[in-house]
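Each residue of the sequence shown is one higher than the one before, counting from 1051 in this note's numbering.
These aren't lab readings, by the way, just hints derived from the structure by calculation. None of these values were measured; they are calculated from a predicted model. Some clues are possibly wrong.
[Said to hold, decoys possible] Once the Cα atoms are required to be at most 35 Å apart in a straight line, the calculated DSBU-like pairs of lysine-lysine come out as:
hint, residue 1, residue 2
1, 1467, 1519
2, 1416, 1492
3, 1521, 1548
4, 1363, 1492
5, 1416, 1467
6, 1537, 1508
7, 1623, 1492
8, 1467, 1492
9, 1521, 1363
10, 1492, 1245
11, 1536, 1548
12, 1519, 1529
13, 1521, 1415
14, 1416, 1537
15, 1508, 1563
16, 1692, 1671
17, 1563, 1363
18, 1245, 1197
19, 1521, 1493
20, 1519, 1415
21, 1197, 1224
22, 1521, 1508
[Stated by the list, open to error] Label-pair ranges, simulated between beta-carbon atoms:
hint, residue 1, residue 2, range
23, 1668, 1148, 43 to 51 Å
24, 1397, 1143, 32 to 40 Å
25, 1301, 1393, 45 to 53 Å
26, 1133, 1514, 18 to 26 Å
27, 1148, 1301, 33 to 41 Å
28, 1503, 1527, 33 to 41 Å
29, 1138, 1516, 45 to 53 Å
Note that beta-carbon positions come from the ideal geometry of N, C-alpha and C, so glycine has one too.
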Amino acid sequence: MVAATPGQYPIHSDITSGRCHKTSAACRKGYRPPPSRRHNADNPSSSKHTYAQSHIYEIMTEQQNADDITEKTVSETSIATFADLGIRNDLLQGISDLGFERPMPIQEQVIPYLLDSDRDVVGLAQTGTGKTAAFGLPLIQRVDTTKRHPQALILAPTRELCLQIASDLADYAKYIPSIEILPVYGGSSILSQIKALRAGGIQIIVATPGRLLDLIDRGVVHLDDVHTVVLDEADEMLNMGFIDSINDILDHVPDNRKMLLFSATMPNEVAKIARRFMHDPVEVVIGHRNQGAENVRHIYYMVAARDKYLALKRIADDCPNIYAIVFCRTRSETQDIADRLISDGYNADSLHGDLSQQQRDIVMKKFREGHISILVATDVAARGLDVDDLTHVINFGLPDDTAVYTHRSGRTGRAGKTGISVAIIHTREQGRLRQIERSIGKKFERCNVPTPQHIIEKQLYNLADRLEKVKVDDNEIEKYLPGISKKLSWLSGEDLLKRVLSLEFNRLLDYYKDARDIDVPDTKEGRRGKKDKERPHRDRAFADNGDRPVSDADKDRRTADAGMARIYVNAGKAQGFYAGNLITMINRGTRDKRIDVGRIDLLADYTLFDVADKDAAIVVKALRGADFFGQVLYSEVAEADKDYADASKRKTARKKRDDRATRDHVSGAKGREFKPKDRHTKDNGFKAKGRKDKKDSEGSFKKKHKRK
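With the hints as extra help, turn the sequences into a complete structure.
Below, the structure is given as structure tokens:
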């Protein structure tokens, strides 16, 4: 290992060789935005902050429900500096170099508990509120630099967040010698990580659950002396199916360790972890439980489904300095929208699961550094992408889960700035919009799609502003001016201005010359929405099949995207089998593999989902025979011509018939022994119409027959 000296703080990473290396500015540059784009979430000095009211709640007991937590309001603290919180001088020097001046609300509340109290902490706050410094500063301060073994463990849901946390801790501890951090995560060489761990000296491990559990199983990581455990973005880890891995990892750390759990929302699964593994925890809430960030404006545009892409373009054109993430539901939709934006001349790119890890790293680096202004992404791929300067988060359709919307919108409006969360919806999504409003406690503002006239005016004024503020290098430009002035001398000042504007905007002017209004009238959900639900087949207004209600039969007939295989499993919503259960069971059965799951169609009694062709056999093997609350699962690669919906209906009908027969047999019919009538003989009134009656293994008919 390389010993650290002031200004040279070592952080381990297997990006190169896996050996200890210095975190120079160049090393960290690939994972942090440049100064022009970088307003650190933990740095209140980068702009004027308006803080939300802080609260402290007592965490629920085993018998309590999440809604029964007692609230204690905490007034805005008057503590002005980190020194007043008990942070020691060498850490103060490090964060001073980062521009930290005043603690943010979550830092004011959490740091004293970690330094001076034995109680565990649950922190509920949106991303960008300073969580990393809240747990990172006291965690570093509690490390005994004379001991060369793991003392602190931080679990994060993604590779990107893992690296970001490790880099931030390195910045904080810049002037502390002999502390070493190792980020361990999937998608990179495990051998280099094993080498670094076996070399010894690692005191803080930042890890993704899957890779850490693999290292524990190999006997490489020993957590017997860990005194502090941090779960960052716990709700995201649960959404990704890491619940079993987290439980296994926490079983390997001492019972008397201090534990911190940070989450943007507090679903029941997170509360269960708190009840099981935390000791007398205090819950610190910044803002309100399960609600969106305070300084985010929520707006929506309502258009026909076929016009959603046109609306996206107009929103981008109306914001000349846009820096946004556009969230889509599927990988294919993500790539399609990105390709169309690039083709139309926008500075855009895509981020989704079909990209290799190296490709994703390149895209995220370009976006962090501002070389891409619009990133089109899926929720899974964008996890761990930490950018503070987003002007917009755009929902290209609303997510099914309200918590997903909360996470999306929390990516803007960070570090005391305001942000805008945009939803582009059609009329059928109004009900879901109202559900999100009730959940986050905020009202969406209906906005009209920018008109061509407004867009052109906005772009022209932006160009005028750029011309006014441009810096002119007189020494360099002077040698070219005589020739250019002579060539353009015949033009008046007004003519020259017109030509400059036309040169910049001819394409825009031509595009919007005859553009139509794409707004649709608002509708009353109570009146129109009810009719839509009762008669979905009568509405032919939407050309995009992906934006209309999809029946189980439609889902059953879907085929996998290119390079993907469609997988069937015999459990669905009726059995309480949802996407989280599916991901958990796949992770459990394929622990050493990285499996990319595509579209998931949850139906009443079964589920169809996509995985990469190469992983199909592995996933089927993992699911087949698995136990789901007493039900033995069956899985297979879905056959294109097999009617799973019809088979499920027949299976349900058989079960009802068998149950009815059992009841009749038990009760008897007027005291006589029950004998079920054979309905499949020619005496029972059925007519075969010149063909043999086909029966399946249960004796039921393949088709219905008319009575004579």
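Item to check | Hint consistency between residue 1197 and residue 1224 [alpha-carbon to alpha-carbon, up to 35 Å] | outcome: holds (19 Å)
Next on the checklist: Taking 45 to 53 Å as the stated bounds, is the beta-carbon spacing between residue 1301 and residue 1393 within them?
Outcome noted: Taking Cβ atoms as reference, residue 1301 and residue 1393 lie about 52 Å apart, which means the hint holds.
Item to check | Hinted pair residue 1521 and residue 1548, Cα distance within 35 Å | outcome: The given pair, whose Cα atoms are some 21 Å apart, holds under the 35 Å limit.
Item to check | residue 1514 and residue 1133 - C-beta distance against the hinted 18 to 26 Å | outcome: Once the Cβ atoms are compared, 47 Å apart, the range 18 to 26 Å for residue 1514 and residue 1133 is violated.
Next on the checklist: Holds or violated: the 33 to 41 Å window for the beta-carbon distance between residue 1503 and residue 1527?
Outcome noted: holds (35 Å)
Item to check | Restraint status (C-alpha distance of residue 1519 to residue 1415 at most 35 Å) | outcome: holds (28 Å)
Item to check | Given pair status - residue 1519, residue 1467, alpha carbons within 35 Å | outcome: Satisfied, since the Cα-Cα distance of roughly 23 Å is no more than 35 Å.
Item to check | Consistency of beta-carbon spacing, residue 1301 to residue 1148, with hint 33 to 41 Å | outcome: holds (36 Å)
Next on the checklist: Check whether the Cα positions of residue 1521 and residue 1363 lie no farther apart than 35 Å.
Outcome noted: holds (30 Å)
Next on the checklist: Next pair to validate is residue 1416 with residue 1537; report whether the Cα-Cα distance is within 35 Å.
Outcome noted: violated (39 Å)
Next on the checklist: Check the hint pairing residue 1521 with residue 1508 against an upper bound of 35 Å on the C-alpha distance.
Outcome noted: Holds. Residue 1521 to residue 1508 sits at ~22 Å (cutoff 35 Å).
Item to check | residue 1416 paired with residue 1467 [C-alpha distance capped at 35 Å] | outcome: holds (22 Å)
Figure legend: structure checked against the earlier numbered hints; hints not met, in rising order: 10, 14, 19 and 26.
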